[in-house]
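> Chain order of the listed sequences is V and F.
Per our numbering, the first sequence starts with residue 1007, numbered consecutively.
Per our numbering, the second sequence starts with residue 185, numbered consecutively.
Keep in mind the hints are simulated off the structure, nothing from the lab.
Keep in mind that a hint or two might mislead.
With a straight-line Cα cutoff of 27 Å, these simulated DSSO-like cross-link-like pairs (lysine-lysine) come out [claimed, not checked]: (1) K493(F) - K397(F); (2) K1021(V) - K1084(V); (3) K1034(V) - K397(F); (4) K1126(V) - K306(F); (5) K397(F) - K1123(V); (6) K1120(V) - K397(F).
Which stretches of chain F does chain V cover? Using the computed rule of at least three CB atoms under 8 Å from a CB of chain V, they are [unchecked claim]: (7) 189-195; (8) 412-420.
Over the 10 Å line for every Cβ pair with chain V, so calculated as not near, a few chain F residues [stated by the list, open to error]: (9) I209; (10) I305; (11) L309; (12) N330; (13) N409.
Please read all numbers here as calculations on a predicted model, not as lab measurements.
Positions of the beta carbon are idealized from the N, C-alpha and C atoms, including for glycine.
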Amino acid sequence: MTKDYQGDDMIVAKKVNKIYPNGCHALKDVSATVNRGEVVVIVGPSGSGKSTFLRTLNQLETVSSGSVHIDGTDMYAKDTNINSLREEVGMVFQNFNLFPHKTALGNVMLAPLKVAKRPKQQVEDEAKALMLKVGLADRMANYPSHLSGGQQQRVAIARALAMQPNIMLFDEPTSALDPEMVGEVLDVMKGLAADGMTMVVVTHEMGFAREVADRVLFMEDGELLVEESPENFFDNPSHPRLKQFLSMVL
Amino acid sequence: MQTQASKILWNGVFVAILLSLCGLIYLSGEKIDYNWNWQRVVPYIVNNEAASVAAPQDGSITSNAAGHLQLVSDAGDLLVDLTDYENITVYEGDLVFEGDQLASSEQWRIGPLTQGLIVTIKISLFSLVFAILLGLVIGLMRIADNPALRKLAITYIEIIRGTPLLVQIFIVYFFIGTVFDLERFTAGVIALSVFTAAYVAEIIRAGIQSIPKGQMEAARSLGMNYPQAMVNVILPQAFKRTLPPMAGQFINLIKDSSLVSVISITDLTKAGREVVSGSFAPFEVWFTVALLYLVLTSSLSWAIQRLEKRLAASD
Ligand SMILES: Nc1ncnc2c1ncn2[C@@H]1O[C@H](COP(=O)(O)OP(=O)(O)OP(=O)(O)O)[C@@H](O)[C@H]1O
Ligand SMILES: [Mg+2]
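With the hints as extra help, turn the sequences into a complete structure.
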């Protein structure tokens, strides 16, 4: 893999368009840059293309046109190995997507063992340290079906971190949780942000956005309409569509 | 809700119905002019007829260091050690010729029915392994993005499922078997595995497609390539879900293996047919054959149920 440039731009998306096979135009000329250590929150109404955009950042969806660079590497260059690029980009899903046939610790250890092929003992030690970090040191032997939603999502975060990514993507990580479990997951994410992790978070948690985000993006109908600091975003919204959206969710 | 008492009652009814069915079968067996004799079947399962040992080539009888008799060839090589035989019919110093009887002994030997059972087990086991491997390949091709692979798999499945197994056995044996000079047994295994693989492929395809899409996405997002994600994430889960239909398919395989008797493989069914003509006990023999098949299929389904229970740990 060749790096086109060296710099602090961890994610550079340029004029990304996504048209699904059924003709749905989900992303329209979306351009965005995320710097090293930045936390960017994306908000917007349902169906606005937030998930689609996030998923183009690790190529779970391929773009129809435009380009994506991850840490200087062109995702669509011929000599780019998408699997090794994905090791740099962890993802956390709305529905956790834990592997039900593995214990919590087994979930965390699987990719380091099978993909990175690191030595077993080292992987196990690191996985245990990650479980401790997300506050689940006492749940390592549990299968996902024996964990609460909040616990499952924290295991999913530990699993993504186990590949030692430089970037973490979160797609509505708390939307499937009971209200009393939202806090424990957000706390783990705040800890990550404080450690300097580069993060892109799609969420409806406006409090989290205001507190943790360096920038907030607003999407509607596949377009990126607003890109602002949280203060301006929430306190002085300029775009009429954003005003309307905020009046509905706040 | 069922109370304890009514449960016992209905279990009693079940046993009563079963017993009266057995009684009916017994009565109808009495009514026809047939002399039931289960004893006659036993020698076809195991027997202890005297077995004799003959000289494989010319030689002479000598005694070894321990004082036991043995047959030594003219060149001085040891041919047969008679230590373990009871009724030795030769003496030290005898000259014997090829084919001469040396000794006989009463020992337990398996009869033709048991030999047929072993052939059935062997052919089923071989076919099972190949059917799983082939079925997995076809099943994965069936869900591939590549249209050539997918259509090949569909064509295979349609052809195999659309023609009778008996016809396939004849085609494999007479056509493919002649072209490639196959043994009967090999031809039988090929026909059975090719047939079963078509069904296994469909079971595996359904199993894989029943796994939520998010599992593949999570695996890929961790940097696994497609084969790694399949092997480590999708197939282990699909395997668990496919166990019940697989069990049914494997039981079918054991029963279908009886069809290979048409190409003169002496499996349990063919052994049954041969024994019937010599034993004058057709009813007993066929009931015994049925029972042996039942033992095979029920041990298989018991083993798979055990496996299912063990895999249920993560539920
Ligand atoms: N696999 C797909 N095939 C076809 N259309 C899709 C697919 N996934 C999403 N879409 C469409 O693309 C548009 C954007 O969807 P997307 O899931 O990105 O929205 P979202 O902003 O994440 O919404 P939500 O807040 O409900 O998650 C929607 O109109 C949706 O119907
Ligand atoms: Mg979404």
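> Could you run down the list of hints and mark each one as holding or not?
Hint check:
Between K493(F) and K397(F) the alpha-carbon distance is near 26 Å, which keeps this suggested pair within the 27 Å criterion. With a CA separation close to 20 Å, the supplied pair K1021(V) and K1084(V) stays within the 27 Å bound. Simply put, K1034(V) and K397(F) have alpha-carbon atoms about 26 Å apart, close enough for the 27 Å limit, and the pair holds. A distance of roughly 39 Å separates the Cα atoms of K1126(V) and K306(F); the hinted pair therefore is violated under the 27 Å criterion.
A hinted pair counts as satisfied when its Cα atoms are at most 27 Å apart, and K397(F) with K1123(V) qualifies at roughly 25 Å. Restraint check for K1120(V) and K397(F): the C-alpha separation of about 20 Å stays at or below 27 Å, so the hint holds. By the rule of at least three residues with a Cβ nearer than 8 Å to a Cβ of chain V, the coverage given for the stretch 189-195 of chain F is violated, with 0 such residues. Residues of the stretch 412-420 of chain F with a Cβ under 8 Å from some Cβ of chain V number 4, which satisfies the need for three, so the listed coverage holds.
With a least CB separation of 47 Å from chain V, I209(F) remains clear of the 10 Å interface cut-off, as annotated. Interface exclusion of I305(F) from chain V stands, the closest Cβ pair being 31 Å apart, more than 10 Å. Distance check on L309(F): its Cβ is at least 27 Å (rounded) from any Cβ of chain V, clearing the 10 Å threshold; non-interface status holds. The Cβ of N330(F) sits about 17 Å from the closest Cβ of chain V, beyond the 10 Å cut-off, so the non-interface label holds.
With a cut of 10 Å on Cβ distances, N409(F) falls inside the contact zone with chain V, its closest approach being about 5 Å.
Against the hints set out earlier in the document, violations occur for numbers 4, 7 and 13.
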